[in-house]
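As a plain string of letters, each chain reads:
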Amino acid sequence: MASLFTGFMTDTWVAATMVAVVAGVVGFFVVLRGSSFVAHAIPHGSFGGAAGAALLVGVDGTILGISGTIAGLFVFAVAGALGIGWLGRRGRHDVATALSLVMMLGLGFLFLSWSGQYADALYSLLFGEVFGIPASDLLPMAVLGLLCVVGIASLFRPLMLSSVLPEVGEARGVRAGWVETGFLMVVALATTMTVPVVGVLLMFSLMLGPAAASRSVTSNPRAALAMSVGIAVLTVWIGIVLSYASNWPLGFFVGVSGAVWFVAGRAWAWRRRIRGVPLAA
Amino acid sequence: MSALVPSDGAATLDGEAPATLEVSGVTVSVSGREVLRDVSFRLAPGQLTALIGSNGAGKTTLFRVILGLQAPTAGTILVDGHPRARRNPMIGYVPQRVFLDPDMPLRARDVVSLGLDGHRLGLGLRRHADQRRRVEEMLGAVDALRFADSRVGNLSGGEQQRVLIAHALVSRPRLLILDEPLANLDLRAEREVVDLLGRITRDQGISVLISAHDMNPLLPVMHRLVYLARGRAATGTVEEVVRPEVLSDLYGQHVDVLRVHDRILVVAGADERLPAGLRHAGSAAGAAPHTERWEP
Ligand SMILES: Nc1ncnc2c1ncn2[C@@H]1O[C@H](COP(=O)(O)OP(=O)(O)OP(=O)(O)O)[C@@H](O)[C@H]1O
Ligand SMILES: [Mg+2]
Chain V
0 MASLFTGFMT DTWVAATMVA VVAGVVGFFV VLRGSSFVAH AIPHGSFGGA AGAALLVGVD
60 GTILGISGTI AGLFVFAVAG ALGIGWLGRR GRHDVATALS LVMMLGLGFL FLSWSGQYAD
120 ALYSLLFGEV FGIPASDLLP MAVLGLLCVV GIASLFRPLM LSSVLPEVGE ARGVRAGWVE
180 TGFLMVVALA TTMTVPVVGV LLMFSLMLGP AAASRSVTSN PRAALAMSVG IAVLTVWIGI
240 VLSYASNWPL GFFVGVSGAV WFVAGRAWAW RRRIRGVPLA A
Chain C
0 MSALVPSDGA ATLDGEAPAT LEVSGVTVSV SGREVLRDVS FRLAPGQLTA LIGSNGAGKT
60 TLFRVILGLQ APTAGTILVD GHPRARRNPM IGYVPQRVFL DPDMPLRARD VVSLGLDGHR
120 LGLGLRRHAD QRRRVEEMLG AVDALRFADS RVGNLSGGEQ QRVLIAHALV SRPRLLILDE
180 PLANLDLRAE REVVDLLGRI TRDQGISVLI SAHDMNPLLP VMHRLVYLAR GRAATGTVEE
240 VVRPEVLSDL YGQHVDVLRV HDRILVVAGA DERLPAGLRH AGSAAGAAPH TERWEP
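Protein chains in written order, with numbering that gives the first Met the number 0: chain V, 0 to 280; chain C, 0 to 295.
Derived from the structure by calculation, the hints contain no laboratory data. Small disclaimer: the values here were computed from a predicted structure and weren't measured. Backbone N, C-alpha and C fix where the C-beta goes; we use that ideal spot for every residue, glycine too. Just to be clear, a hint being listed does not mean it is correct.
Claimed, not checked - Quick partial rundown of chain C residues pointing at chain V, CB under 10 Å, derived from the structure:
| no. | residue |
| --- | --- |
| 1 | 105 |
| 2 | 122 |
| 3 | 144 |
| 4 | 166 |
Chain C extracted, bound-state conformation (with noise of 0.2 Å):
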């Protein structure tokens, strides 16, 4: 791996906090193919992180295995210090494609209870005061009151992802993993939602980490970001990572960054226009970086 890449040591986060969750040296390989490639970093307490790559760059992957849901070929994972476990209420998690059956008696504020006491067995019938209370103050921070009795199936796109994130947050967790929380959203919904995460990592104190295709609706509240491309990681601030020579080393071919009004936009380089056929060989399946889109 080329120097150009930086990758976090300890010396990158400020004073004595414990990173809320270290990834080092992780790779993994799927029936024979390597999806991710020494990927570390680390993230600190109040600082919300933007994990940005393309399609099939590697997104979930990485977020199953820090779940533990998916065992890494090589590498270790520590979530606050500990090795991370099956069981981890220390991680809420929102993942990248939900379907809620519209019919399906259950209301928002039944999802966001379920966050607290879902993986408990017996019906639930008898929850304490401060557990309500906890539920009700949960779908308060997300703005989701208005609806806290509706059929969660019946909800907007936006609504129900704030309600999956009363869901992720509601055990208090010291780590909050969103799978493109912003797909499928307009512009209106996908503000909100940004407002509503950069709020809750610094209301709460947590680390929260977002997985994107696109990193400009995210400029506005991230603190950092993991760029992934060919499966390798570079990770920074956006000032460090989404340079050139940075994005160039991790893409394998030339690649431009333009800053547009507020905008950033990852650009191909030359070899890119070139026809496909006379592309330079051996960029792997996303490796290519895309166009960001215009939103007018």
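The shape of chain V in the complex, shown without the other chains (with noise of 0.2 Å):
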């Protein structure tokens, strides 16, 4: 077990810490105001950007010296998050989100067809590569990270406002519309930074596990909020050393624990009910 603080197991710490910073901080507006399935469809689309990147650079290229795979993520993950926006204001929010992520996965395909040799690629942004993460890309994630705690911390009460009472909010100035969108660009950026590590479906799992939990176990919002990050902190760290212990891939440890969270999460809850425990507990 000591190598699993040496080498590059230290950039595995590192980058997986960020990402389960950010995947708390964001899921847990995602799951305040429901938007569980623009946080599926936006990393899910993003893929087809870092199969358009790999078509354009190759698999391991570079664009203006950021990894392709992040580049096109970007890429994809803005305009996905814009377009679920911007048709969001003009009809339904599901059948848009829906829209643009077959829109995103359509291109991914096609990207996928012309360049033919990207399925162990793709293998890996489904499910992450968490202990081969290349050192240069820890600081695009980091500044990249750091743009998504900035952004939920600065928007923290807009969005408290105009997701519990939109109207209320309108009224005094907070434009739902912009609030909105602001908070699409933060799943965007966090979807870049993340799934290159764990991966389009466990990034799904750690922005809703955690979130989800801790909001049954405390009534106070920030409280709420930072314990949502302690828990995705948790689970990627034990998913570490239980991975590198039995060799079993990470992400089966990450997607498990997600469900456990919310499960455990509900338990508390139903045991704070029977108890008659106030529910300011």
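Reassemble the complex: the two chains are provided individually, in unrelated frames, and hints are given to aid placement.
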């Protein structure tokens, strides 16, 4: 176990911890706003960008000094977020989300069929490559992660108000459309930085599980946000250790623990109700 | 418009106190249909005004125009003498339908705090002592201290209504607008909220505008009313407006006003009792006066 903290493993710990913090922070509002579908669509759709980048510069190529995968994910995630925001203001939000998702997926498959040799890289985008993060990716990841955290922290109160009482927010000058766009951009940035590490599927589970569990435990919004981050970090840490020890994929552990946290949170809420502990608990 | 429909002139407002809200000649068309026509009224500080109208009469539409969420086709709105701005801290607002997720990690006191600084950027971790005190004070004013730390989505309808009133009032607005705050409340909760609104109007010296489809629960506390029907409004005190001549003119058909004990019933006149096909045509949707409901 000594090598768990040496060499490339240091990068793994750093990258995974950053991912967990971002997933916990963003996930809190994904669950609060009932935006799970958006949080599903943007990461899944953005794989098309990575496929496109691979077509342009090769699987390990770079664009402007940034890894092609990250650049491609970024472009597609942002475009998808803007598309969802724009269409969503004009029609049903879930339909807008679905339309954007299939557009991006369609393009992704087209790029895949053109390049014809992308299957392995695609696999790692779906499930992540936490043990193979290039050291050069850490800086762009840290920048994006910081943007996400700062974005959510500054939008915290307007997001809260416009999620809970949208009309009241509008009347006080909090434009629901702008807040929504800001939030979607944060989801896009979070996608770009987390997907290469934990993959599309686990990103989703890491955003929802901890956030859903924490809201069952505390009714204080800021405490719930902090707890969501804590649980997400704990999840990836436990996942890394178990995955290292067992040689099973990290994805398995993160995916399972997402569901476990959720069930644990519900059980906590249920216990609270049964025991008649005040709801403020 | 007939002279029988009273409309506020400057003369009806006593003294020099400027109107908190002045609505003049507001007309609103939505997808080609005129929902409100030439609606004018003024609200004075320290007065509670009821906006009475049946479903679809245009109450929510009028509120949205006052709040600046929707532009009127014609007419002007002055809030405290100034043209209304989109972000208007002078107006507190409680919308008609609020759904609060029971699992949401948000306590009653958080909702009230959002009324103070929900439009500001940042986490709001450091609140000044006087902001904290203001939130406590407001929770006390609406009698919500007992459940201040409960999840707001778990509270009963009446409790949520009180929390939302505190949310709207905490920033010290000059005008408080409540859209159907009594809908879905039982008699006891209804009385509690009405008493609370009367007390707030008195103690805070603000204008309160409350919409309702039934005026009776509000009679003990209301100073004036704005009666909406067929897109037009009649304004004044209950004695001035709730009269057969005025309401018949407003509805465009004969209407009787009955007073039974302390309740007022507005009932459609003779032609309303004819079969639907024989009623005189041309009355707009939502124009028919409804029979006030009887409460045992
Ligand atoms: N966006 C819209 N598009 C089409 N019609 C609209 C729109 N908004 C309002 N209306 C119409 O305007 C009329 C007034 O609606 P409004 O919601 O203001 O009524 P209300 O008095 O609040 O009714 P309720 O008591 O049912 O809440 C209704 O007939 C409604 O159909
Ligand atoms: Mg309404």
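Going down the list of hints, with the structure as the test:
no., hint, result
1, 105, "6 Å, holds"
2, 122, "5 Å, holds"
3, 144, "12 Å, violated"
4, 166, "7 Å, holds"
Taken one by one, the earlier hints fail for this structure only at number 3.
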